[in-house]
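Residue numbers (the working numbering), protein chains in the order written: chain E, 1 to 84; chain F, 1 to 452.
In short, the hints are calculated from the structure, not lab data.
Note that the structure is predicted; figures quoted are calculated from it, not measured.
Accuracy of the hints is not assured; some may be wrong.
Reference listing, derived: stretches of chain F covered by chain E, where coverage requires no fewer than 3 residues with Cβ under 8 Å from a Cβ of chain E [as the list claims (entries may be wrong)]:
(1) 53 to 66
(2) 69 to 77
(3) 334 to 343
(4) 349 to 359
All C-beta atoms, glycine included, are put in the ideal place defined by N, C-alpha and C.
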Amino acid sequence: MITQPPPPPLRLVVDLNRCQSYGQCVYAAPTVFRFHGEESLEYDYTPDAGVRREVARAAAACPVQAITLGGATEPAPTASGDDR
Amino acid sequence: MTASAAAGLRTGRIVVVGASLAGLRAAEALRDEGFTGELTLIGAEPHAPYDRPPLSKGVLSGRLNCDHIVLPRVRNIDARWLLGTPATGLDVPGRRVELADGRGVAYDRLLIATGTRARPWPVQTGGRLDGVHVLRTREDAERLRGALVAGPSRVLVIGAGFTGGEVTSSCRELGLAVTVTQRSATPLASALGGVIGRAAADWYREAGVDLRPHTTVRTLEGHPSGRLRRAVLSDGTTVDAEVAVVATGALANTEWLAGSGLAADHRGVVSDAGCRALTADGRPVEDVFVAGDVARWPHPRYPGQLMRLDHWDNAVAQAHTAAHNITHGPGEQLVHRPLPAFWSQQFGRYLKSIGVPALADQVVVTQGSLDRRQFVATYGLHGRLVGAVAVDSPRVLDGYAALVEAGAPFPPVLGATDGPAHLDPVDAAFPGRAAGSTPDHALSAPAPTAHR
Numbered sequence: 001m002i003t004q005p006p007p008p009p010l011r012l013v014v015d016l017n018r019c020q021s022y023g024q025c026v027y028a029a030p031t032v033f034r035f036h037g038e039e040s041l042e043y044d045y046t047p048d049a050g051v052r053r054e055v056a057r058a059a060a061a062c063p064v065q066a067i068t069l070g071g072a073t074e075p076a077p078t079a080s081g082d083d084r
Numbered sequence: 001m002t003a004s005a006a007a008g009l010r011t012g013r014i015v016v017v018g019a020s021l022a023g024l025r026a027a028e029a030l031r032d033e034g035f036t037g038e039l040t041l042i043g044a045e046p047h048a049p050y051d052r053p054p055l056s057k058g059v060l061s062g063r064l065n066c067d068h069i070v071l072p073r074v075r076n077i078d079a080r081w082l083l084g085t086p087a088t089g090l091d092v093p094g095r096r097v098e099l100a101d102g103r104g105v106a107y108d109r110l111l112i113a114t115g116t117r118a119r120p121w122p123v124q125t126g127g128r129l130d131g132v133h134v135l136r137t138r139e140d141a142e143r144l145r146g147a148l149v150a151g152p153s154r155v156l157v158i159g160a161g162f163t164g165g166e167v168t169s170s171c172r173e174l175g176l177a178v179t180v181t182q183r184s185a186t187p188l189a190s191a192l193g194g195v196i197g198r199a200a201a202d203w204y205r206e207a208g209v210d211l212r213p214h215t216t217v218r219t220l221e222g223h224p225s226g227r228l229r230r231a232v233l234s235d236g237t238t239v240d241a242e243v244a245v246v247a248t249g250a251l252a253n254t255e256w257l258a259g260s261g262l263a264a265d266h267r268g269v270v271s272d273a274g275c276r277a278l279t280a281d282g283r284p285v286e287d288v289f290v291a292g293d294v295a296r297w298p299h300p301r302y303p304g305q306l307m308r309l310d311h312w313d314n315a316v317a318q319a320h321t322a323a324h325n326i327t328h329g330p331g332e333q334l335v336h337r338p339l340p341a342f343w344s345q346q347f348g349r350y351l352k353s354i355g356v357p358a359l360a361d362q363v364v365v366t367q368g369s370l371d372r373r374q375f376v377a378t379y380g381l382h383g384r385l386v387g388a389v390a391v392d393s394p395r396v397l398d399g400y401a402a403l404v405e406a407g408a409p410f411p412p413v414l415g416a417t418d419g420p421a422h423l424d425p426v427d428a429a430f431p432g433r434a435a436g437s438t439p440d441h442a443l444s445a446p447a448p449t450a451h452r
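Could you put together the complete structure from these sequences and hints?
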């Protein structure tokens, strides 16, 4: 039986130099993105995997493509983790 | 160059010292550029790379905790990570980095991306008192957050630059009384000048902040228990405060380079325009590169000076330039010449800047007005547009960026329907300069922000 590798953990960052506060991400994934003040975007960099589809939609909908999603499947580095 | 020489640039051992935004993005870019050799990242902090801008905003305000500001890793990099192990020395001829735990790490090519740290308050004037904070790392933010939720009767913020403004804004959101001291006439004066600074002063006052311009802190005094009690200011008055936040700029993390022969000091590590580190006598070092907040380099757009940009997008862009140059031969080197850009969120406003406002001799508002919530101000030097700042107007800045890139005349000809009928530029009022004079060292002045 072939098992699919688990998807990478859901991680994202917004380039706030590029962001123009169109707010499409807030509509697409309101539990992840929000405005604080009239134009200032705030967001969760590490949302639960359950909103993966909403976050993908938000990234696709951003008119200035300011949202970058994580693509690494390697485990996150830790202080004690690696002494190869 | 020969095919084997080109292949050699994509193999071997690359060590990246600094495992924050610049170091991570450089490591990823090295793999994107085809580097297949051994890759090691060395970080002083024990954490996976995280984003610093939220520390002074969402984290302090309690809307985001530090586990939720981890930076995405955009691709696998098959790297060895040495986190929580600061570099303590560099042997350039021996191609070896020394670590605090006594180990040494050999390299064929090295990228220095050790960034900056918050300038601490001097020990002699109260820097060791319990209740005195700086803000640069996760631990700093968690400690300060703990002190703020304990409900101090007053917070003193020393310095009204970007970090100071963001911290102040977060404290007011928490309902805390705040006094802010500022050496110059207005907040943000060294980065944006006194004209825009006067608008910023209104933001502070509207938020109920006790703003003390033209004032510095002479000394911080404690209780016998060692807890902060009060600050004595330069005008002789005192401010009782249980928490003080020192937001007076950043120092480059270059102590580990002492004795290396590189041109490095508290201002940064000097490189050429292709991110190659220079020795103290100005010769490029073939196998040592610099990127991010720690880098000072001759930006071709701004001749005659060294530029340091401790801005988020420069960390990313310079990481990419360095990674490209590390993996390519002499005929394919890139010059790092970004259009500077940064942003801030404070007092409910979203401020974005492009170009270098601090270079300017004149400023003029081209859209909106300073007493309104939204405005755009443009900055000119000798009749050329050198920068623009937009407050709560994030969609207009691309047009200004194109004009700055093109070296358009100042004041700019825009025909904006929400602009004033006549543009009447005034002196930009940067501190320490006579009216109308041009900056001597605008770009080597203390950087306006530690983490943009």
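Verification of the hints:
Proximity of the region 53 to 66 of chain F to chain E, defined as three or more residues with a beta carbon under 8 Å from a beta carbon of that chain, is established by the 6 residues found. Given a C-beta distance limit of less than 8 Å, the hint that chain E covers the region 69 to 77 of chain F holds, as 9 residues qualify and 3 suffice. Interface restraint, the region 334 to 343 of chain F with chain E: holds (3 residues with C-beta to C-beta distance below 8 Å; minimum three). Only residues whose beta carbon comes within less than 8 Å of a beta carbon in chain E count, and the region 349 to 359 of chain F has 3; three or more means the coverage holds.
Comparing the model with each earlier hint shows no violations; every hint is respected.
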